[in-house]
Structure formats: structure tokens, C-alpha cells
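The chain contents come next:
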Amino acid sequence: MDRRTTIKWMFAAAAAMPSLKTFGYTPAKLALDVAPNLPGYGTDPDLVKEWKPGGPWPLTLSAPARALVAALCDLIIPADDVSPAASSVGVVDFIDEWISAPYPEQRADRQIVLPGLVWIDAEADKRFGKQFAELNDAQRSAIADDICQPAHAAPQFQTAANFFATFRDLTAGGFYTTPVGMKDIGYTGNVPLERFDGPPLEALKKAGLA
Amino acid sequence: MAFISAADADKNSYDVIVVGSGAAGGQTAYTLTMDGAKVLMLEAGRNYQPATETPMLQANGEAPLRGAGTPEKPFGFWDATVDGGWQVPGEPYSSASDDPARQFVWWRARMLGGRTNHWGRISLRNGQYDFKPHSRDGLGFDWPMDYADLAPYYDKVEMLIGVYGANDGLENTPNSSPGVLLPPPKPRVSDLLTRQRAAKLNIPVIPGHRAVLTQRLDHVRLPKLLHPGNAKAQKILAADMQKRAACFFATPCGRGCSIRANYQSTTVHLPPALDTGNLDIVTDAMVRAVTKRPDGRAEGVIFIDRKTGAEHRVKARVVVLAASALESVRIMLNSGVANSSGKVGKYIMDTVGAGIGGQIPLLEDMPLHNEDGVDGFHLYTPWWLYKEQLAGKLGFARGYHIEFGGGRSMPSMGTAAGMEWLNGGTYGRKFKEEARRYFGSFMYFSGRGEMIPNDDCYAELHPTQKDKFGIPTLNFHWKWSKHEIGQAAHMQTTFAEIIDAMGGRMPSPPQPGEKAIKQGGIIIHEVGGAMMGNDPAKSVTNSFGQSWDMKNLFITDGATLCSNADKNPTLTIMALAWRASEHMLGLMKKKEL
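These protein sequence lines are chains H and E, in that order.
Quick note on numbering: my numbering labels position 144 of the first sequence as 144, and the sequence is numbered without any gaps.
Quick note on numbering: my numbering labels position 158 of the second sequence as 368, and the sequence is numbered without any gaps.
Rather than coming from a laboratory, the hints here were simulated on the basis of the structure.
All C-beta atoms in this analysis are idealised placements derived from N, C-alpha and C, irrespective of residue type, glycine included.
Be aware that one or more of the hints could be misleading.
[As the list claims (entries may be wrong)] Computed list of lysine to any residue pairs in SDA-like fashion (alpha-carbon distance at most 25 Å, straight line):
no.	chain 1	residue 1	chain 2	residue 2
1	E	Lys-761	E	Ala-747
2	E	Lys-396	H	Asn-190
3	H	Lys-205	E	Ala-409
4	H	Lys-130	E	Gly-638
[As the list claims (entries may be wrong)] With the Cβ distance kept under 10 Å, some of the chain H side facing chain E (calculated, not the full set):
no.	residue
5	Ala-70
6	Phe-128
7	Phe-175
[What the hints assert, rightly or not] Computed footprint of chain E on chain H, listed as stretches where at least three residues anywhere in the stretch have a Cβ under 8 Å from a Cβ of chain E:
no.	region
8	86-99
9	111-125
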């Protein structure tokens with residue numbers, strides 16, 4: 001990466017993080033800046049063409065930031081007997097698309113996610129002398145356990161817990177909307193049917209209706 | 211005749227100009243052209259073809275931002291709306307008050323078919339009480355007609371567009387005539403559980419009515435009933451009905467429907483109307499004003515070609531405004547016509563909306579099954595406390611119905627999000643297990659209630675502001691009364707009771723009415739502004755939407771409604787448009803127009 005790009009990233013990260021001083025950590029190399037007047041997909045996008053992250057607006061996360069996002073995604077949604085980990089089905093691209101988008105909700109999430117990523121690397125460095133993506137599972141969990149419950153987090157972890165809740169929602173939304181995620185969660189619809197038969201008997205029994 | 215250019219429209223002569231192509235414009239043009247009238251339809255938005263533009267079966271994961279709503283696509287990326295929303299670039303409006311509770315937001319859709327392309331397809335009839343509300347409780351205004359006047363047109367519209375439902379015969383919840391309704395879809399588990407538990411609270415739950423074909427329309431029987439003695443119309447309609455497929459129970463209706471299984475003006479009203487050869491359509495035609503002949507009658511309209519900015523004038527024997535209630539109001543105010551009563555813009559109404567969501571443990575860990583169905587509203591609750599309300603026991607006038615939904619619907623950004631209130635917040639394998647456990651166990655209850663027209667809710671022209679076409683814009687005044695606030699509070703406590711009766715839990719307690727009630731315009735049921743009546747001094751039109759002042763000017767959209775029952779206005783708008791159009795045809799045949 002050339003120096004010009006590095007400076008741009010640093011500037012972007014710093015500009016995006018008014019609350020960073022509370023973390024006591026100097027940010028670096030997170031994301032390219034997003035233009036203030038970046039256009040969206042407009043009020044009349046083509047609904048039948050193929051859409052991919054990076055199509056309607058540029059992605060902005062740096063390579064190290066993407067590695068960190070992947071590590072966090074997979075902490076939240078790891079591989080198990082049912083389905084693979086979040087990062088293996090495009091959730092990193094999705095989160096990059098989300099926080100790079102030109103709309104108010106996504107811009108607000110960017111102001112939560114980018115400082116959160118800085119915090120989590122700083123915390124990993126403080127506790128274990130490594131970046132978060134380099135930690136082992138037990139080390140990652142040690143940090144996650146302190147920030148996974150926003151209503152019960154210690155005061156010094158409150159901002160990080162709020163970040164984690166936002167990041168968890170993004171990871172879940174990204175994952176469960178993929179074919180793999182829809183299958184995992186048990187969605188069997190969106191299939192043309194000749195008849196709609198309603199619930200099977202065992203479902204009615206389960207709810208005490210038969 | 212078909213889609214033509216603005217320049218070509220200037221050259222032709224028409225019986226009727228119809229401004230707008232949605233539920234009202236579509237129905238008006240359909241009824242007129244099927245009976246031989248030559249119609250020019252002007253649509254402010256672009257042409258739109260559901261057969262090729264509808265994202266059928268695309269999953270949310272294939273959309274930018276997983277399909278989440280944005281200011282450019284407020285109902286999500288796959289929503290059918292083109293160039294629409296509560297804000298349309300270059301087409302501003304304003305509110306007179308800075309108080310958010312007194313502001314009104316105005317939804318528009320700039321596309322052929324208007325908002326019928328994305329609407330919820332909920333199709334409920336007004337009942338007897340709904341036409342005489344003032345006689346019943348002393349509030350608001352009576353309509354210049356009875357239920358019996360409109361009932362035949364409700365039947366006709368339901369047969370034409372295809373509405374599923376059942377005849378339960380509940381109070382002020384009219385039955386359709388035999389053979390009119392299509393069979394309702396089977397209820398989901400969440401529907402049945404709601405019905406079982408609501409029964410313990412004496413709250414009825416019955417099949418909903420929506421404009422979705424649960425089976426194909428009877429193309430032999432229905433055209434004869436709809437167009438008796440008109441062989442050409444029967445033939446055209448029979449052919450068109452055979453091109454509409456039945457619902458295949460997948461993909462949300464709000465995207466529109468390329469197989470034409472639900473109603474939208476573009477797939478149901480306009481194709482047969484075009485097949486008559488009597489309909490010309492100009493799109494991107496933004497109407498500015500109705501023009502006047504020396505004898506005081508309407509001459510035609512002035513419109514601006516959105517693509518070129520050029521102004522055009524077209525003429526016809528009759529002008530129909532069906533541009534959506536407030537756009538029609540705006541055109542009238544900008545024309546300075548039809549307002550000797552001073553009532554144009556007055557008594558605008560929306561629907562009262564409030565809701566609560568909950569989580570129902572009995573619905574957790576369901577055996578895998580497909581719950582898509584027809585998308586929404588398999589069952590619902592009509593207003594059920596008429597007697598208590600009339601006896602003054604509720605503290606507010608007029609009722610609401612309950613729309614509820616749950617089940618294993620297509621995953622979106624909301625799926626497995628915000629579960630902290632249930633589990634504190636987890637991650638890892640535990641998170642994945644809980645996502646599976648809770649999927650499909652959430653329900654949402656929405657109230658849709660009647661707003662009583664009041665003196666504080668009206669639209670006027672802004673003294674200075676203009677849109678990008680140079681057309682003066684609307685400025686809104688808005689205030690809910692104690693009736694709407696009380697109703698929203700009642701919705702909150704009732705929904706909490708239902709969720710409780712289902713063994714469910716809620717993330718937060720019910721809110722007071724002022725907090726729970728949605729902002730004016732959010733429910734997108736705005737009507738009124740050109741009320742019909744029996745007295746020319748107190749109303750803008752007669753019961754046929756015919757202007758008292760300008761005999762050849764009709765309004766067939768929601769602007770003429772005297773009240774806004776909880777029944778959702780679209781079906782009533784279409785029935786009124788059909789009735790008005792028949793009246794128009796009769797007057798034209800008698801050479802009175």
C-alpha cells in the first residue's frame with residue numbers, strides 16, 4: 001500500500017472516530033474515506049439485474065480491517081455441524097458494503113463499527129500483545145465475554161458492548177440472508193407451490209393446537 | 211391506441227381525460243373504455259411493466275444492503291415503488307408547524323399504476339355504520355349514500371380484481387354476494403394460536419380479505435356478470451382473465467407480481483382497458499391545472515412533460531382527477547376551480563396506526579415447514595367493540611382492526627437481530643442455536659383505526675414554494691384529536707393482552723397513545739380534501755364525485771371520502787370510481803356532458 005493511501009486511511013479512521021480518545025488508542029489503516037455526497041442506487045434502480053457488494057458504491061475497508069471483520073464475524077457465527085462460518089459466505093463483503101453505504105442509517109453504523117474495530121484491536125494488544133485476528137479462540141472469547149451483553153457490561157466496556165451488539169446484528173443479517181444461512185435457520189419458503197397446505201400436524205401439536 | 215407521446219396527445223380528441231393511473235385512475239379508465247368511451251390517461255411517473263421489472267423470487271441476500279429500506283427505497287430494495295417515498299426529489303411539500311406531532315408526511319409513487327404496485331392488497335368493505343358516522347355518534351360527516359348504494363360496486367370490483375376472504379357476517383363487516391370471493395388461504399400456526407387465545411378475550415379472528423388470486427378467476431362466469439349485454443367487453447375480459455395466474459405462494463406481494471396473481475392497476479385494470487383500443491396513456495405527464503372554458507366548464511388540463519419540461523394542453527368533454535387524494539387537491543387549488551364551498555383541501559385524514567411486537571415461546575423450535583402463504587393477512591380481527599363504544603365505555607369514538615403476522619418468513623436484516631432482550635447477548639455456537647430456536651417465534655400486532663375528520667387537518671398551497679416544474683406545493687396542517695390518541699392507547703393495551711394470552715413476552719411495556727400513534731401520513735391512507743355531500747355549500751362533489759361547480763369535472767380518488775373507516779380505503783376508492791364512471795357514461799349518453 002502506498003503512503004498516500006495509508007494517510008487517507010488514517011485520516012478516514014480518525015475523522016470517523018470522535019469517541020476514540022475514550023479508547024486511549026491511536027487508530028490506523030482501517031478504511032478509506034467515504035465521500036459526503038456519494039450517490040446511492042437511486043430511486044429507480046434496476047431490480048432484475050445482478051447486484052453485488054461494491055457495485056452500487058465502493059467498498060472502503062482496508063485489508064487488515066477486513067481480516068479483523070472476518071475474525072469478529074466468525075467469533076459470532078462460527079462453523080458448526082449445521083453450517084459454515086459467516087466469513088466463508090460473503091459476510092465480510094456485506095459488512096463492508098453496509099458501512100460504506102451513503103445512507104443515514106449506514107453512516108451512523110459506520111460511526112459505531114469503525115471505532116469499535118479500533119477498540120477491539122487495541123484491547124487485544126493490551127491484553128495479549130497481538131492484533132485480535134491473531135488471537136486464539138480462548139483469547140477472543142475472553143474479550144467477547146466482557147462485551148457481548150450490553151445490559152450487563154462493566155462501565156468501561158459499555159461503548160464496546162454497544163459496538164458488539166451492532167456488529168452482531170450486521171453479522172446475523174448478512175449471514176441468515178444467504179442460501180446457507182436461510183437453510184441453517186430453517187427457512188424453507190420462496191419456492192413456487194401449486195397449493196398452500198398450511199401447517200403440518202406436528203407443528204399444530206407443538207403449539208397446542210391439535 | 212396505446213402508449214403515446216405528449217405531442218400526439220395534443221392532436222387527438224377524447225371523451226375523458228383521466229389524471230392518474232392507480233386504483234382510482236385504473237378503475238375509472240377500465241369502466242369507461244370497456245363501455246366505449248375514448249380516454250386519455252395522464253400519469254406523472256414513468257411507464258412501468260411488471261412482467262419484466264418485478265424481482266420475483268430474489269432473496270434478500272441478492273439485494274444491496276440485504277434489501278433493507280433506505281431513503282431511496284423506504285420499503286426495501288425489492289419493493290415495487292419507482293421514484294417514490296415520503297420524499298420525492300424535486301417535489302417538496304411542507305408542514306405549517308415545527309412540532310413533529312403536528313406534521314404530515316406525504317407518500318407518492320411516480321410510476322404507472324402508482325402505489326397499487328406495492329400496496330398491501332388488503333381489501334375490506336366499509337359497512338353500514340361507516341357511511342353514516344355522524345348519525346351514529348354525532349362526530350364527523352355522513353356520506354351522501356348508504357352501504358346499499360355501493361354494495362353492488364364492491365361486488366363488481368371484487369369479482370374483477372379477485373379478492374379472497376370469507377363471509378363471517380360480523381357487525382358492520384359486510385358479506386360479499388355469493389360467488390364473489392375467492393377461498394381464503396389456510397391459516398398459519400401463528401394465526402391459529404392468535405385465534406385460539408384471542409377468543410379467550412372475546413376478540414374475534416376471521417379470514418382476511420386481500421386482492422390475491424388463491425385460484426384462477428372464472429373467465430366464463432365473471433365477464434358476463436361484470437359486463438351484461440356488452441359482448442366485446444366480455445370477450446376482452448375473459449381473454450385477460452386467462453392471462454392471470456393463481457398465486458404460487460412465494461415471493462412478497464409488495465414487489466408486484468409478474469404472473470399477475472395479485473391486483474395492481476398495471477396488471478389488472480390497464481391491460482383490458484388498452485385491449486379495447488379506447489385508451490391512450492401518456493406517462494411522465496405531470497398535470498399542473500384544470501383549464502376552464504368560457505361557459506365555466508372544464509376544457510381540459512395543462513401538463514408538463516417530465517422529460518422535456520415542455521407544457522402541453524389537452525382537451526376533452528370530461529376531466530377526471532384520480533391523481534391520489536392530495537395530488538388532486540393540489541391540482542384543484544392550483545386551478546382555482548371547484549372550490550365555491552371553500553372545502554377543497556379541508557378534512558384530510560390518514561389511518562390511526564400503532565403496534566407492538568412480541569415473542570411467543572409456543573412458536574419456538576417449530577418443525578420445518580413453509581409458511582410463506584399469500585404473504586400477509588391470512589386472518590385478522592375486525593373491530594369488535596361497537597356496542598361498548600356506542601355506550602360510551604371506551605372514551606374514544608370509532609374502531610380499528612388488527613393486522614397481525616408471524617411465522618417463518620424470508621430472512622432479512624431483522625432476522626436474529628436484537629435478541630438481547632431475550633438472551634442478554636450471546637455469540638458463537640450458542641448464538642446460532644438460539645437463532646434457530648427463535649426463528650418464526652416473533653409476532654407483530656398492528657392496529658389500523660378510523661380517524662375522524664377535524665378542522666385542524668387540512669392542506670393549502672404554500673405561499674411561495676414551488677416544485678421543480680414550477681408548480682406551487684402543498685403546506686399541511688395536522689392534529690390528532692383525543693379520539694385517535696385514545697384509540698392508539700387502546701391498541702397498545704389490547705395487543706399486550708393478546709400477547710400475554712399467547713404466553714408471549716414483549717421487549718418493552720405498552721406505550722401511551724401520544725407516543726404509540728404513528729405520524730400523520732405514515733400509514734399512507736390519506737383521503738379527504740374534496741369531500742362529497744348533498745349540500746353544494748358544504749361539500750365539493752356529489753356522491754358521484756362530480757364537482758358541484760364544474761359539471762364535467764369528476765374526482766374518483768380518495769379525496770371525496772367523508773370519513774376514513776378502519777377498513778383501508780383502496781377497495782372503497784375502486785368501488786366509488788366504478789360507480790362514478792357509470793354515472794359519467796350515463797350523462798355522456800344523455801348528452802349532458
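**Asked** What are the numbers of the hints that this structure violates, sorted from low to high?
**Response** 5, 6 and 9
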